[in-house]
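These protein sequences, in sequence, are chains B and L. If you're matching positions, the first sequence starts at 1 in UniProt numbering and goes up one per residue. If you're matching positions, the second sequence starts at 1 in UniProt numbering and goes up one per residue.
The hints are simulated quantities; they were obtained by calculation from the structure and are not laboratory data. One or more hints might be untrue.
Which copy is meant is left open, because identical chains are indistinguishable; a pair holds if it fits in one copy or across any two.
[Said to hold, decoys possible] With a straight-line cut-off of 30 Å between C-alpha atoms, the simulated DSSO-like cross-links for lysine-lysine are:
1) Lys197 <-> Lys69
2) Lys259 <-> Lys138
3) Lys113 <-> Lys175
4) Lys346 <-> Lys77
5) Lys197 <-> Lys364
Number of protein chains: 2
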Amino acid sequence: MSKKRIGIIGAGPSGLAQLRAFESARKKGEEIPEIVCFEKQSNWGGMWNYSWRTGVGKYGEPIHGSMYKYLWSNGPKECLEFSDYSFDEHFEKPISSYPPRPVLFDYIQGRIKRDNVRDYIRFDTTARWVSFDEKTKKFTLVLDDLKNDKTYSEEFDYLVVASGHFSTPNMPYFKGIENFPGNVIHAHDFRGADQFKDQELLLIGSSYSAEDIGVQCHKHGAKSVTLSYRTNPIGVKWPDGIEEMPLVTHFEEDIAHFKDGRTKRFDAVIMCTGYQHKFPFLPDEMRLKTKNNLYPDNLYKGIFFNDLPQLIYLGMQDQYYTFNMFDTQAWLARDYMLGKFELPDKRTRRGDINVWLQRNESLKDGHDHVDFQSDYIRDIIKLSDYPDFNIDKVAEMFKEWLNDKEENILTYRDKTYRSVVTGTMAAEHHTEWMDEMDDSKERYLFEPEEEESDDVKMNSTSL
Amino acid sequence: MSKKRIGIIGAGPSGLAQLRAFESARKKGEEIPEIVCFEKQSNWGGMWNYSWRTGVGKYGEPIHGSMYKYLWSNGPKECLEFSDYSFDEHFEKPISSYPPRPVLFDYIQGRIKRDNVRDYIRFDTTARWVSFDEKTKKFTLVLDDLKNDKTYSEEFDYLVVASGHFSTPNMPYFKGIENFPGNVIHAHDFRGADQFKDQELLLIGSSYSAEDIGVQCHKHGAKSVTLSYRTNPIGVKWPDGIEEMPLVTHFEEDIAHFKDGRTKRFDAVIMCTGYQHKFPFLPDEMRLKTKNNLYPDNLYKGIFFNDLPQLIYLGMQDQYYTFNMFDTQAWLARDYMLGKFELPDKRTRRGDINVWLQRNESLKDGHDHVDFQSDYIRDIIKLSDYPDFNIDKVAEMFKEWLNDKEENILTYRDKTYRSVVTGTMAAEHHTEWMDEMDDSKERYLFEPEEEESDDVKMNSTSL
Numbered sequence: 001m002s003k004k005r006i007g008i009i010g011a012g013p014s015g016l017a018q019l020r021a022f023e024s025a026r027k028k029g030e031e032i033p034e035i036v037c038f039e040k041q042s043n044w045g046g047m048w049n050y051s052w053r054t055g056v057g058k059y060g061e062p063i064h065g066s067m068y069k070y071l072w073s074n075g076p077k078e079c080l081e082f083s084d085y086s087f088d089e090h091f092e093k094p095i096s097s098y099p100p101r102p103v104l105f106d107y108i109q110g111r112i113k114r115d116n117v118r119d120y121i122r123f124d125t126t127a128r129w130v131s132f133d134e135k136t137k138k139f140t141l142v143l144d145d146l147k148n149d150k151t152y153s154e155e156f157d158y159l160v161v162a163s164g165h166f167s168t169p170n171m172p173y174f175k176g177i178e179n180f181p182g183n184v185i186h187a188h189d190f191r192g193a194d195q196f197k198d199q200e201l202l203l204i205g206s207s208y209s210a211e212d213i214g215v216q217c218h219k220h221g222a223k224s225v226t227l228s229y230r231t232n233p234i235g236v237k238w239p240d241g242i243e244e245m246p247l248v249t250h251f252e253e254d255i256a257h258f259k260d261g262r263t264k265r266f267d268a269v270i271m272c273t274g275y276q277h278k279f280p281f282l283p284d285e286m287r288l289k290t291k292n293n294l295y296p297d298n299l300y301k302g303i304f305f306n307d308l309p310q311l312i313y314l315g316m317q318d319q320y321y322t323f324n325m326f327d328t329q330a331w332l333a334r335d336y337m338l339g340k341f342e343l344p345d346k347r348t349r350r351g352d353i354n355v356w357l358q359r360n361e362s363l364k365d366g367h368d369h370v371d372f373q374s375d376y377i378r379d380i381i382k383l384s385d386y387p388d389f390n391i392d393k394v395a396e397m398f399k400e401w402l403n404d405k406e407e408n409i410l411t412y413r414d415k416t417y418r419s420v421v422t423g424t425m426a427a428e429h430h431t432e433w434m435d436e437m438d439d440s441k442e443r444y445l446f447e448p449e450e451e452e453s454d455d456v457k458m459n460s461t462s463l
Numbered sequence: 001m002s003k004k005r006i007g008i009i010g011a012g013p014s015g016l017a018q019l020r021a022f023e024s025a026r027k028k029g030e031e032i033p034e035i036v037c038f039e040k041q042s043n044w045g046g047m048w049n050y051s052w053r054t055g056v057g058k059y060g061e062p063i064h065g066s067m068y069k070y071l072w073s074n075g076p077k078e079c080l081e082f083s084d085y086s087f088d089e090h091f092e093k094p095i096s097s098y099p100p101r102p103v104l105f106d107y108i109q110g111r112i113k114r115d116n117v118r119d120y121i122r123f124d125t126t127a128r129w130v131s132f133d134e135k136t137k138k139f140t141l142v143l144d145d146l147k148n149d150k151t152y153s154e155e156f157d158y159l160v161v162a163s164g165h166f167s168t169p170n171m172p173y174f175k176g177i178e179n180f181p182g183n184v185i186h187a188h189d190f191r192g193a194d195q196f197k198d199q200e201l202l203l204i205g206s207s208y209s210a211e212d213i214g215v216q217c218h219k220h221g222a223k224s225v226t227l228s229y230r231t232n233p234i235g236v237k238w239p240d241g242i243e244e245m246p247l248v249t250h251f252e253e254d255i256a257h258f259k260d261g262r263t264k265r266f267d268a269v270i271m272c273t274g275y276q277h278k279f280p281f282l283p284d285e286m287r288l289k290t291k292n293n294l295y296p297d298n299l300y301k302g303i304f305f306n307d308l309p310q311l312i313y314l315g316m317q318d319q320y321y322t323f324n325m326f327d328t329q330a331w332l333a334r335d336y337m338l339g340k341f342e343l344p345d346k347r348t349r350r351g352d353i354n355v356w357l358q359r360n361e362s363l364k365d366g367h368d369h370v371d372f373q374s375d376y377i378r379d380i381i382k383l384s385d386y387p388d389f390n391i392d393k394v395a396e397m398f399k400e401w402l403n404d405k406e407e408n409i410l411t412y413r414d415k416t417y418r419s420v421v422t423g424t425m426a427a428e429h430h431t432e433w434m435d436e437m438d439d440s441k442e443r444y445l446f447e448p449e450e451e452e453s454d455d456v457k458m459n460s461t462s463l
């Protein structure tokens, strides 16, 4: 009998977690199926693979990444640590709790570089169309080899969709925006605060993008940052130079009108208005249709598409937990695909989903959200051999983090947390976050001698 | 026997020409096939349907349009006039030779509004995947109804690809561009000169986008415009404030280094580096693979895909002629689909293509290009009943236009030309182009009384 074939779409944190899950089984002597992972970009890492490009990439495909220069983790790294590959193991010394993007990217890669999983991945390859044959119970994927401009089809027994949901902007229309004379972009196309120096900036939105891009632009010299919220303000204590206003009703040239009647002139508008779950390669009956949500409907255990459980979605939740949640999902998905985890019947699955949906409805605040997602992780981590970690403690850290941010949005990244994987206390970063203008890995990891400080900085920024 | 079915992808100038061609036959009493035209956007007009959006649209599909505010025709309208629907017929008075976008958009729509062809078009619908069955000789299109998030399939006997080739940016990498602190965009995402006021602007490229965006930004107050060319400069006499430099070799932060060793600091970079022919919905063996070119290979008579002539491409040429060329192509395609125009065998077609390719190789300058495309139009216009027009005279106008631009890039749009369709001499515009900051149809068509001039301007810009 020929080996089962598994197709994975996306080699970001979720897709890589799936590859690592299979590698982990293989190393324990299990026979694993044939695996092919398709990645649209030329490198792995998904969102963490920074690109200077916006719009479409070199082969004309929509750009995946929403990353920007000077992005630092906006939650403690101790809340996302892989429980089978610690920060200590990777960096061989304690680092701070809020590393910048290049450092986290390095960490993600460390685990998989060790495993040689790169061979499973076909880069510069995008999934164009998927169909499912009810008779053979197989998926046919139409693939587009972008580099060679060649299309071809392959069959798979299981399909893992790990293409993320922070890539396709949701960009509402505001009356008059078409006549706004300045730059109007979505957060997805924001590549760094530099170009907004000395500008009066309007950010529409009140979630993580708005909060972080607002703070980054403030740090890097924007003249003023105004955040406009639809329902509720973010509500932290903002420093001078950042303020929150209710929703924009319309624009007149460069003047924004707000719901409370106030008006203000702006140089640029950044829409931090969220993302769409978008799966253009799937027929609509296989598409996950959901808003950003802690428990998207129709996914049993948060991953198995209930109408067709051979179709598995990873990481489609709104996220407090990230890398470690993707891991618990990927390990469970692996065990199902290896025949070691059996699914109950569809109705039972539906019932289980409904319980979570109901509870999701009743959540009131950030602390509730953290508890909910912690319980979700608890629910699935016990179903596979993914190394257990102290979820109670991580939940506590998430709540502390929420408080830290409320206390001071500019200094919360100077706090340190203790790893639940190794027990190591994070190091304090050599420079306070507000004074640290260089986000390179070199600068982050090696504290410069005081007298050399200026030189090192110049070198690393001019790389 | 059931009616033949024709699928058209795109309701821009080419797709609409195809609809109009069939309508014209229907009005003459011919029986026409069943026609469905799929348009990704919510309105027709393709490139002429301006959107303030960049990146992806409201349904997350790559934005089609590359239009910007203050775009005025960059060639005389007398060179693109439909020979079956004149500017006189539409506007009922002479207008100038270089109308702004809204005026041309109005003109395109006039002809088709009269014909009720809107019913053929399914808006907000994108083609996801096409396959062709060798046995039934039919195409199957997978379509995505974006508004309703529904996918479905339909069969067609002929497929007309009219999706344009100025939508997918070609954006080369320049060393160091990832550390350029200012805005870096492709011309595709340029939406107007306002945001570049008082800035030092670098435009990479030496074709129409670079020329026109450069001049627009100069007109609207950029501090300086530098055009960087790969092979040859545009070479017109530039006014103070615009200069040409050789190719950028690399960037160091906001400093561009040029091939001749010079350096300059810039606030923003606009890549006017052209577009890719991109057909993600087609299997690669049906894809037209070509650079921007006056005679793309593998298209018999410039439209019939030689390996499978039921597959027709409209408007895929580099363009001097535009609307009138799309018409001659669409009329010929129609006659083929109606069985009135028979194709010779594949080898004969290949021979015909080769003759054009060879001549294309030998073209030396703009005048040669004009003659070549004029001869192409001559070659195909005689094959259908599309109303003949004085191609000699149009070719002459193109050459005059090339001279006008060389003479003065800032005033060539003040020149007037005579219609070959009606014999009407264009009107002089009420305001010199360099002084005309308002591109609205209202302002263009109705000359304001002198004392009201300011008010009218304010009204129309604040619409």
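Legend entry - Up to 30 Å CA-CA - Lys364 versus Lys197, copy category: neither (37 Å within a copy, 47 Å between copies)
Legend entry - Alpha-carbon proximity context of Lys197 and Lys69, limit 30 Å: Answer is both; intra-copy 14 Å and inter-copy 25 Å each pass.
Legend entry - Identical-chain pair category, Lys259 with Lys138, by Cα at 30 Å: neither (53 Å within a copy, 55 Å between copies)
Legend entry - Copy assignment of Lys113 with Lys175, given that the CA separation must stay at most 30 Å: between (49 Å within a copy, 27 Å between copies)
Legend entry - Up to 30 Å CA-CA - Lys77 versus Lys346, copy category: The answer is neither: 37 Å in one copy and 63 Å across copies each exceed 30 Å.
Hint compliance for this structure: hints 2, 4, 5 are not met, and every other hint is.
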